[in-house]
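Trainee: Given only the sequences and the hints, what does the whole structure look like? Please build it.
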Amino acid sequence: MSEQVSMRRMMMVLLVAAALSLGACASKKPKFVPAPGPNAADTGAQGSGANGANAGGADEESEGPQGGMLATRLVYFDFDSSEIKGQGTDVVGAHAKYLASHGSARVRLEGHTDERGSREYNIGLGERRAQAVRRALLLQGASEGQISTVSYGEERPAVPGHDEAAWAKNRRVEIVYLTPMPAGAPAAAPKQ
Amino acid sequence: MQPTRESHSHSWHRSARLLALALSLGAAAAARADLKIEITSGVRDPVPIAIVPFAPSAPADGGLDVAGVVQHDLEGSGRFKGLPRERMPATPTQADQVVGAAWKGAGSDYVVVGRLSTLANGSVAVDFDLVNALTGAKLATQRFVGSTSALRNAAHRVSDVIYQKITGVRGAFATRIAYVEVDGTPPNQRYRLIVADADGANQHLVLESQRPLMSPAWSPDGLWLAYVSFETKHSAVYVQLVRTGERRQVSARAGVNGAPAWSPDGHKLALTLAGTNGNLDIYVLDLDTQTLSKLTDDPAIDTEPAWAADGRSVYFTSDRAGSPQIYQIGVQPGARPKRITFGGTYNARPRMSPDGSLLAMVTLDGSNYRIAVQDTASGAVRILSHGRLDESPSFAPNGATLIYSERDGNRGALATVSTDGLTGLRLNATEGEVQDPAWGPFGP
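Chains as they are written, first to last, in the working numbering: chain Z, 1 to 192; chain B, 1001 to 1444.
Careful, some of the hints might be misleading.
[Stated by the list, open to error] Once the Cα atoms are required to be at most 30 Å apart in a straight line, the calculated DSSO-like pairs of lysine-lysine come out as:
no., chain 1, residue 1, chain 2, residue 2
1, B, 1165, B, 1104
2, B, 1138, B, 1081
3, Z, 97, B, 1233
4, Z, 97, Z, 85
5, B, 1165, B, 1036
6, B, 1233, Z, 169
7, B, 1165, B, 1138
8, Z, 85, B, 1233
9, B, 1036, B, 1081
[To be verified] Quick list of simulated restraints, FRET-style, between CB atoms:
no., chain 1, residue 1, chain 2, residue 2, range
10, B, 1222, Z, 81, 40 to 48 Å
11, Z, 66, B, 1410, 31 to 39 Å
12, B, 1222, Z, 66, 47 to 55 Å
13, Z, 78, B, 1409, 21 to 29 Å
14, Z, 66, B, 1266, 49 to 57 Å
15, B, 1320, Z, 66, 41 to 49 Å
None of these hints come from the bench; they were simulated from the model. Backbone N, C-alpha and C define an ideal beta-carbon position, used for all residues, glycine too.
Mentor: Following this line, the structure appears as structure tokens:
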């Protein structure tokens, strides 16, 4: 008899637990919104006035050239600076030479900052670094249609850590090679 | 297991599948534990108050300890001290059962009593009374009615009433916050946009991505979030209906798309665009007509727009004078920006208090980034936070508190501080990091 009672009580507890868990789900309504493909970037892009190199074309990464200095894809910066210097100058020079002689090659320049300061202002500083590399590439023979930029600010650190050693590795521009433009494609992909 | 679209097969299998799905979702939600609150500073003499356990109404109340939620809210404000339950002299649930002297003797100035009841339509009513223990006067009596799932919100509304009756300031417990949770080790991290109650409980996943999500901003009606997502490997601004998850991409122009801010009328977004040449300026996008107008025009970084409460001007960060400082510009054509901050070498990310009396910002204090407020009338600046890497201040809708992000050792946490600097608390994620908070508006 007492066993029956405890069984019934157990059932009640289970049912209440299930109901609670259902209730909790209903109130939380977790919604996963899958990331749309690259084509989604075309919507809402009207009126920018800019002939954006960022739009159009697939942004699939590729291995890119490997030999010598071309294997180096990182350019580092001093605190609060977008000046390319030291080894960075040679790295940018090597990639400029490659882009100038391989017209279908494409790169995306990803600018980053360390974690100090305000997030959206850091997006501006990261963009400034990506633009410094872009201008250096253009000056040395690359063409506009080969280069796009994106700034991640402090949002995508390369290394963890919260000291000067980590910050120095996070203040960077990454040169990311994309799949080459198909033969005959216009140098600058027009915005759709 | 995928939920299916067929609607007419009411088979046992389907129910079982749905139950299994619901339970697994429940388990997933449970794995994301609530943010843990730690009070970091409070007033010297918090108001002593006793929140007596409310009479339950099982099973419709879902077992929620309403009085416990209220006590947690009030203590979290740093201005109240709750009487521990084991020291309560009695357990009244009606105002006329409260014997003032006994509660005064236990050290409480105020007593809150309440009861839950289940209505004929299945919803739950919360009735409560706030009693002055000294005089026996009933200071507030109110009823909130809602579904079981809204009971926690009802508890926060009880806290709002008590807070307002005793402090004179409208409570902001029944509001929500949005923030970004990051876990994993660089460079392989996952980003989640989360909405939770202001106390960090009742979390709701809005969006998850392997690329950064940042800068959530609430629409004035509290229904939508605007945010920046890098899911396409370039930045884009989206607006998303929080309740349904339905969303719309509103800006994916070449270069930077960032820092969305809703106008007070909810019809426009101020945002930062940079174009191919990477010059960040502030624009206003009309969400009804999709027309875009340029607000600032300078080769410097202009970003982080924040609307004045009257919608006639926008505050923003610019390094046009060499270091980042805060400026204000009218939205009428031809307006010229006016510099607002002058102290120090780094003032960024402006946010205006709802009454326009305070400008909150990130300021460089020695070698530390901290949250400060500037009195808009006098220009006086007061530093409110004490961290090393504090950022992203956002006002509670009552203007009494700011939420911001800080770095506590190796952890990114959220923290709040009252605008008088007297009270503060920290919301720690049990795993991962939390950052980029935005405090939502008052509910309807």
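Trainee: Let me make sure I understand: some of the numbered hints might not hold for this structure. Which ones are they, in numerical order?
Mentor: No numbers; nothing is violated.
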